[in-house]
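Participant: One line per chain: the protein sequences are A and B, in this order. For the first sequence, this note's numbering assigns the number 1 to the initial residue and increments by one for each residue that follows. For the second sequence, this note's numbering assigns the number 1 to the initial residue and increments by one for each residue that follows.
If you are wondering where the hints come from, they were derived from the structure by calculation, not from laboratory data. Only a predicted model underlies this, so the values are computations on that prediction, with no experimental measurement involved. Careful: at least some of the hints might be erroneous.
Heads up, simulated SDA-like pairs for lysine to any residue below, C-alpha to C-alpha not over 25 Å straight-line [to be verified]: (1) B:LYS224 - B:LEU214; (2) A:LYS116 - A:GLU97; (3) A:LYS455 - A:ASP417; (4) A:LYS387 - B:ASN61; (5) A:LYS116 - B:ARG138; (6) A:LYS311 - B:THR167; (7) B:LYS269 - B:MET104; (8) B:LYS269 - A:ASN122.
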Amino acid sequence: MKLKKYIYFTIFVFLFLSLIACSTENGEVDVASENNENINPDVQEPAPFDGWVEGLPQITAPEGFDWKQFEGVELNFISENTPPSSAIAANIELFEEVTGIKVNIEQTDLATVVEKVGLDFNAQSAKYHLIYADPYQILAKQSEHFFDLNHFINESTMPQIPGGLEDFSASQLEAAGYMGDKEELYALPYDNPTMVLAYRTDVFEKYKDLFEEEMGYDWTPDEDMTWDEYYEIAKWITEKADEGVITEVEYGTGHQAKQHDSLMADFSNILAANGGDYFEKDDLGTIGSTDPGASAMDSDIAIESAEFYNKLLQVADPGSLSWDWTGVAEGFASGNIAMIPEWHEFSAMFEDENSSNIVGNVAWTTMPTGKEGKAHTYGGTGIGINKYASDEEIKAAWLFIVWSTSPQAQYMILKSDEGGSTPTRNSVYELEDVQKGMEPGTPESEEMPNLLAMKPTLKAWESENAYMRPKIPQWPQVDTFIFTELSKMLAGQQTPEEAVKEIADQTNRLTNK
Amino acid sequence: MQTNVDKAWKNKLEAKRIKKRFSTEFWMLLPSMILLAIISIFPFLYLIYASFMDFSISFENPEFIGLGNWKYVLSDTLFWSSWGRTILYVGIGLVLQLFIGVGMALAIFHLPKGKNIVVTLWMIPVFVAPVVAGLLGRYLLNSTYGLYDWLLSLFGMETQVLGNISTSMPAIILMDVWEWTPLITLIVLAGLNSLSSEPLEAADVDGANYFQKLTYVILPLIAKTIVVALLVRSMDILRFVDKIRIATEGGPADSTKVVGYYLMEVAFKFQDFGSGSVLGLTMLVVTIFLGQFFVKFMMGKE
Numbered sequence: 001m002k003l004k005k006y007i008y009f010t011i012f013v014f015l016f017l018s019l020i021a022c023s024t025e026n027g028e029v030d031v032a033s034e035n036n037e038n039i040n041p042d043v044q045e046p047a048p049f050d051g052w053v054e055g056l057p058q059i060t061a062p063e064g065f066d067w068k069q070f071e072g073v074e075l076n077f078i079s080e081n082t083p084p085s086s087a088i089a090a091n092i093e094l095f096e097e098v099t100g101i102k103v104n105i106e107q108t109d110l111a112t113v114v115e116k117v118g119l120d121f122n123a124q125s126a127k128y129h130l131i132y133a134d135p136y137q138i139l140a141k142q143s144e145h146f147f148d149l150n151h152f153i154n155e156s157t158m159p160q161i162p163g164g165l166e167d168f169s170a171s172q173l174e175a176a177g178y179m180g181d182k183e184e185l186y187a188l189p190y191d192n193p194t195m196v197l198a199y200r201t202d203v204f205e206k207y208k209d210l211f212e213e214e215m216g217y218d219w220t221p222d223e224d225m226t227w228d229e230y231y232e233i234a235k236w237i238t239e240k241a242d243e244g245v246i247t248e249v250e251y252g253t254g255h256q257a258k259q260h261d262s263l264m265a266d267f268s269n270i271l272a273a274n275g276g277d278y279f280e281k282d283d284l285g286t287i288g289s290t291d292p293g294a295s296a297m298d299s300d301i302a303i304e305s306a307e308f309y310n311k312l313l314q315v316a317d318p319g320s321l322s323w324d325w326t327g328v329a330e331g332f333a334s335g336n337i338a339m340i341p342e343w344h345e346f347s348a349m350f351e352d353e354n355s356s357n358i359v360g361n362v363a364w365t366t367m368p369t370g371k372e373g374k375a376h377t378y379g380g381t382g383i384g385i386n387k388y389a390s391d392e393e394i395k396a397a398w399l400f401i402v403w404s405t406s407p408q409a410q411y412m413i414l415k416s417d418e419g420g421s422t423p424t425r426n427s428v429y430e431l432e433d434v435q436k437g438m439e440p441g442t443p444e445s446e447e448m449p450n451l452l453a454m455k456p457t458l459k460a461w462e463s464e465n466a467y468m469r470p471k472i473p474q475w476p477q478v479d480t481f482i483f484t485e486l487s488k489m490l491a492g493q494q495t496p497e498e499a500v501k502e503i504a505d506q507t508n509r510l511t512n513k
Numbered sequence: 001m002q003t004n005v006d007k008a009w010k011n012k013l014e015a016k017r018i019k020k021r022f023s024t025e026f027w028m029l030l031p032s033m034i035l036l037a038i039i040s041i042f043p044f045l046y047l048i049y050a051s052f053m054d055f056s057i058s059f060e061n062p063e064f065i066g067l068g069n070w071k072y073v074l075s076d077t078l079f080w081s082s083w084g085r086t087i088l089y090v091g092i093g094l095v096l097q098l099f100i101g102v103g104m105a106l107a108i109f110h111l112p113k114g115k116n117i118v119v120t121l122w123m124i125p126v127f128v129a130p131v132v133a134g135l136l137g138r139y140l141l142n143s144t145y146g147l148y149d150w151l152l153s154l155f156g157m158e159t160q161v162l163g164n165i166s167t168s169m170p171a172i173i174l175m176d177v178w179e180w181t182p183l184i185t186l187i188v189l190a191g192l193n194s195l196s197s198e199p200l201e202a203a204d205v206d207g208a209n210y211f212q213k214l215t216y217v218i219l220p221l222i223a224k225t226i227v228v229a230l231l232v233r234s235m236d237i238l239r240f241v242d243k244i245r246i247a248t249e250g251g252p253a254d255s256t257k258v259v260g261y262y263l264m265e266v267a268f269k270f271q272d273f274g275s276g277s278v279l280g281l282t283m284l285v286v287t288i289f290l291g292q293f294f295v296k297f298m299m300g301k302e
């Protein structure tokens, strides 16, 4: 009997240790083209992809490069359910026909993407070859699992990034592409949603005189509007709607204040505009850091900002407490609300008759100004490659990245019927029709409705106006502390001072763990 | 003497045969035992191992931190408050499901006609995936276009059900009750259908009314079936967090963050497998105790 027990025990221990030790080391990847002996890197030839227009940097490959060399390779791309991925999925045959590579695009909510990517990386299984690399939820924590794209940038036998890295916004490339330092490039900017202010032109025009008569100033939202004025106007509209004076809307403002990442993004616009941030260390938002230092949420600025946010939500549509970004967009599109801070890519939804009652009645401007200036939460994402994929899959994935982030693909996404996203490429914004599309009422703006939000968005991307949240490995936890405690504040369970102190305590406890 | 020798020889033969049989059984059982070990025992051992490791820096090379994760989790107020909400969620949910489920089973049992159609219709929610049940709840209670929200507003209830701390948990409980009460009904109905008619006839002869028959005959006879139904549901309700994830994501103000959701958040969103393992082990212990409680109750009935 003893012997039998020993045998059982030995089998268990052996299998247990085998499971723990079951990991594979990834060796160096040969990133050269398959037929590199026939390639002349000194001569670049245009790629056979449809969709290029005059004025955009073209996708090219060295002479002799075989675009079909990875034919039959199947790539899995996991992405958040966002307009660019929908547009890419709708037009994927453009890529598949030229390369023969099959791309399966799985779109789901961001939380699921974070979970699945985390499990895939930790198992080193490369179920997903192409990763929607959210800089804050994924890249900051998982950067070691991404393939360094510099290998391809230094490889003359493979297609290069059309227009070069310079064609991306420098700050967006830093935020979406790097982590900790600029030694490795993990992802290329893929989308760039940024929070700006949407408002109802019909309401603001109709009651302009009445407001001016009562309050003494022109209330039309513009770049000079302050957060105090925003509150005053929102309160006035809510009260007038309640009295039956204003009939077009029921509330002055709406917010994405559900216990969700969206609440942090919404609050950050105010915190950062007042000169505050979540950590004492500066500039954690671009390159990022593994050591964020102490929390700054016990500062007076944080308390004041939380007090203001709490006050603002008292006059907002009560649905705000159950809305994320989609919820508040639906509330605004239904016609109930006069103003909302929202991601600029929702412009297409507001101009779509199938999803909106306010088509043609929406204008966009920059966020109101706080005590120290303006802040617009940036929520852009990159696209990267899972380093545990095979050499062939990694090279095929690079072709996909070159194509999907190229100016011509970004332009195609902008024009897509799927709602479109706004390009991450500077060169696209220089096209004449894109410039025209930023003006309301033009045929181009009807064709590319997301451009209607672009003027304030371009302003929002300027370094002094953009707010990039801390890019640190602990961000998913810190983010949860922030939106949970703010949610408790909005529910009346704690004061603004208690809420920010709790965020600071929890954050410091985590980083000192 | 000869007899003793024969006996010893026979015993030896018997022992050899038993050993051989055991040996055969051992080898036949081995594959399934290995499979069981892979899918159940090793993950459990790994869970214990992970609870002493810190995965925050690297998953491949976790650091041994002793009781660090245990201290971190057990000193976290969210851990205890999420357990408090879990008790509320499980307790109220199970009680409602028990009363409605048994009541419905009795009603169907006594239906003179159309039992099958009623059972089929009543069972529909069970076939809906929990994620879909959460989505249905979220859409129906949406303040912009939700049907239930609109109906509530007709009665002057202008509250945001999923955005209010006093209504969000009841809403989640009701979603679970809507989806899983039919399962209790089905199990109890099976118990009712297998009841012997003699005790009921005897009660009729004794002049018992329906309430007396129910209290003293039917319920005692189906008590074990009810316990089985509760055992199944209690295991599930602790683990299933799909509806919470879809409808409220633990909010507002953590009012729907039960321990299962908290575990999912820690392990998969934060990728903190060390703390997640501690949470998982505490859930396992509670589940075992709960199971033992129900099993002992059943054994007591026997």
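Participant: Look at each hint and say if it fits the structure.
Facilitator: Right, here's what the structure says about each hint:
1. B:LYS224 - B:LEU214: Distance ~15 Å between LYS224 of chain B and LEU214 of chain B Cα, so the pair holds.
2. A:LYS116 - A:GLU97: It is violated: about 29 Å lies between the C-alpha atoms, which goes past 25 Å.
3. A:LYS455 - A:ASP417: 21 Å, holds
4. A:LYS387 - B:ASN61: 18 Å, holds
5. A:LYS116 - B:ARG138: 24 Å, holds
6. A:LYS311 - B:THR167: Measuring from Cα to Cα gives roughly 23 Å; hence the hint holds.
7. B:LYS269 - B:MET104: With Cα atoms ~40 Å apart, LYS269 of chain B and MET104 of chain B exceed 25 Å; violated.
8. B:LYS269 - A:ASN122: With a Cα-Cα distance of about 13 Å, the restraint between LYS269 of chain B and ASN122 of chain A holds, given a limit of 25 Å.
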